[in-house]
Amino acid sequence: MTGRTFNVRDLMAGTLMLLLGVGAAFQSRQYRIGTLSHMGPGFFPLCLGVLLAFIGAAILLQALRPALSHAPFTFRAEWRGWFCILAGLGSFGLLGEFAGILPATFATVFISALGDRDNTLASAFAIAAVMTLICFVVFWWLLQVQLPLVHWG
Amino acid sequence: MIGESLAALWTGFGVALEPANLFWSFFGVVVGNLIGVLPGMGPISAISMLLPLTYGLHPVPAILMLAGIFYGSQYGGAIGAILLNLPCHPPHAVTCLDGYPLTQKGKSGVALGITMLCSFFAASVGIIVMILASPLLVRVAYLFGPPEIFSIMLLGLVAGGTMSRGSPLKGIAMTIIGMLVGIVGADALTGTERFTFGITNLDDGVELVALALGVFGVGEFLRNVNHMAEIVAPIRMRLRDMRPSRADLREAFLPMLRGTAIGTLFGAMPGTGPTITTFIAYALEKRLSKHPEQFGHGALAGVAAPEAASHSKTQVDFIPTMSLGIPGDPVMALILGALMIQGIQPGPMLITQHPDLFWGLVASFWIGNVLLVVLNVPLIGLWVRLLRVPYRLLFPSALFFIAVGVYSTQNNLFLIWEVLAFGIIGAIFSALDFPVAPIMLGFVLGPMVEDNFRRSLLLSHGHLGVFLQRPISAVFIVATALLVLAQIVLRLRAPRTVAQPTTA
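If you read the protein sequences in the order shown, they are chains S and U.
If you're matching positions, the first sequence starts at 1 in our numbering and goes up one per residue.
If you're matching positions, the second sequence starts at 1 in our numbering and goes up one per residue.
Excised from the complex, chain U in its bound form:
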């Protein structure tokens, strides 16, 4: 079976190395890295802004490019986190804890070098896990009927809502809001128009890109305008500074391995956000370290472990996304949405029906990560300069890209108003301290959850017990119940003191 995978992977490399595909992968990595470096722009804004560009492409180059944008922007975000203490992508909040103190100590180059090494290593491990696990998962996936899919999605939604950050109740509320937004439009089974309020432009539902750009783009601008600290610290970075010394490597090696292991473990679990993964990796390092007092004051282990965890998780996350159609976090939800726009239904059939796409993607991950290293070594100076683009020039330009990008998804100016509305809604939710990321998860999964729920109960003639009678489904339902229970117990046992101010 592994032999088959390796043969398929070989073909995959053939696909990924075709000049056109290679070009789009490269383009994605460069542009993703570029946008990820810009202050205030994370992978979600990068992907949703560039999503319209992929509509004209074939599915294979389109998805290769999106994956490239994804890890490019993720790496770009780490640069801002380490050099400026600016986490644009929530998982990097952890990287800031020790990355920025390292910068203050004048060791930013080493921190970036270690980050690069760790992400490359962790991504490679994640890719190997993908190769080994995918065929297994395909076999399992054939056992999945509507009740099983409903149950695992329920687990994903609950996990995604409760484990992102902040209050679990608020996370679940946002997940439900996302699902309600997903309901807008004509019902798939009966054609009844739901929540359209007579607006014909809403018959086909809310546009994924408009929702993402509204909530994460415009919403962020509304929150940040005139509140963004001007960046003054002059940063100089040379290639030589990035090479870690032997002692640095020794210090970072074991944390990197442990971080990778944690990321791999959590990647396979649907719904566990990348933020929680990096926090766990960081906490574990702090517990295991001989010098826990160094954490928060520039410990290399505190950069290595969470970065490794987030990159291996990212890779492994593609397994449930592609083979079960269940995204692990909002970014994956966006990629899943892009696949569906291309007419590809993720699920157990994907690997057998579109082997070129799946294995090409796996191969391109590795190629993309090599490109990332090759690119970042010479270009680091340029990225550092980009970091200093002032926000006052950045957001008006980004607003234009958002407007033209969302227009070109459907050649319809109505989408501008959708973005505007979701921008206001997103800003209000953020101001009330709701985590907005679960909205995407709910929006993408909502229609599938409804569909599978209705079908399960149609097959079982209205018996809700069907979800517990089928063993695989029962496991997921029990896991969901345990998760909810654990959250309640933790909540009740936690000392009620000052409400923690949450970090963005």
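Chain S with its partners taken away, still in its complex shape:
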């Protein structure tokens, strides 16, 4: 290698768009395509899918053209943060369904707060408790959100 590298980020970006475009186009063929004067439900998404695939290919080709140097593809994995944010949000969906809005709120804030390395168990607990109180007063009592406070199953 003489310092000439591909643009890895755009390589992935182009491939992703290409795949999404092809996927959308294939899926559209399951719906009636119709003719230009009488378009079926599949016509427009098929056009979009094909267009997206072409754009993906164009991004891919540009990335394959080696340039002297590229902005390096820096990507720091942040598994703890990602996991806690997604798990926190997901727990609202689950606990909201099966346990009520107060446990859901507490879990969402507590779990997602743990995703930040600067939070301790105590500080996460504190912020979760405060938000649960806000939830009770503002959302349940004042705005009357349609979820039970606490229930089981």
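Since the hints were derived computationally from the structure, they do not count as laboratory data.
Where is the CB? At the ideal position from N, CA and C, for every residue including glycine.
One or more of the hints may lead you astray.
[To be verified] Some chain U residues near chain S, calculated using beta-carbon distances under 10 Å: (1) T190; (2) F400; (3) S408; (4) I424; (5) L482; (6) V484.
Assemble chain U onto chain S, guided by the hints.
Structure of chain U alone, referenced to chain S:
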């Protein structure tokens, strides 16, 4: 005709000053400003988080409140940009260039004062333009059939995709992704379920709020968690510091006028994002300035011009949004979506059918901007303290507001999973350096584009030439083609050197 407008505006002031309406407008400005100041929260997150609150309101107070949130959060964002070099709203990236150096020089108060003056002045000019131009536009708008609407939307989509930031190809890709997401659900004409993959909750399509909060809320959290710099610099701000001196005013006056002019010009053009507008205003000032070397090191003109441009653009942007139903940027797309939820179809009929709404909105803009000034003078100290809310407390709380907010749009927990999915998708797209803002534009405009495309070709019996035979439509198609051509030419002529690292 102008007389009619003025009479209508008078009524508008009556509507906007009704105590209930005034209250919601005020509430919107305060909450918008509050959320806009918080690090990492821009107008899009502010509006989508508060959108569910408006469902219980009448259309008029609802839209007044949303507009209030919009300019409140925009102004709040400028505070973070100037004091902390944190652009939460892309257009403020330009304000940072000179706003933050001013802070480092200890002149943050003056910078904020000038920002306030410029935004007030520019918004007032924008409002006057709105009053003068709206009736004209209504006349033109009656000439718009499906082919014209399709063509102008195409122009808006292409402009929005290519001119936001970063690679134009990637912008267009995101626009198409947004349009594909907009297709999800039952087809309006035939009832065929498209892209639902058997999930009945998707029959009515993807929820606008879930998409916005996923991509711009959760997606941002995923990107920022543990990467957000802790804010340590102690900032003190007193009222006295905010008053610009006579020399400051003289320095900022002409840039403010030019910035306003640029913003007004671009506001009328559908699809030109606010970011590009502020960049043009900044570049022009730098070119015209006698001391271009001062730019980037705390030139007041470098704050005044882009702020004025972004605020006048914001106001003028409401014209195409309300009268043609074509939003200029993702925030407008969100407001348009909110209008449609309220059962109001934006378009040429809006001004005649809902004069109270339209003129009330215009009047409330002005009232809102007065409120913004009145509010920010005494509260600046509080905003500065809010800026220091650490991210580690901010995002878990915001996540809760997102969850409960999106649930209450439909009282359906399925939307939480939609937010989750779009959060992951948005984070992946951002990591691959795609500009995510055009997704909203594509999502809101997509169904309308499809509808008008199908109808045009139904009327023309399948002749694609219809878009070029009708003069108004042809103008927009030619403009779109020129825009694409210009982008290609610029691309080919640009020296291929190091790929620019893009700023968020």
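Here is how each hint holds up against the structure:
At a threshold of 10 Å, the smallest CB-CB gap from U/T190 to chain S is about 5 Å, leaving the interface hint in force. This hint holds: U/F400 has a C-beta 5 Å from the nearest C-beta of chain S, less than the 10 Å allowed. Annotation: U/S408 was flagged as interfacial toward chain S, and the flag holds, the nearest CB pair being 6 Å apart, inside 10 Å. For the restraint placing U/I424 at the interface with chain S, the shortest Cβ-Cβ distance is roughly 7 Å, inside the 10 Å limit, so the hint holds.
Hint status for U/L482: violated, given a least beta-carbon distance of 19 Å to chain S, over 10 Å. Taken as an interface hint, U/V484 does not check out: its beta carbon lies about 12 Å from the nearest beta carbon of chain S, beyond 10 Å.
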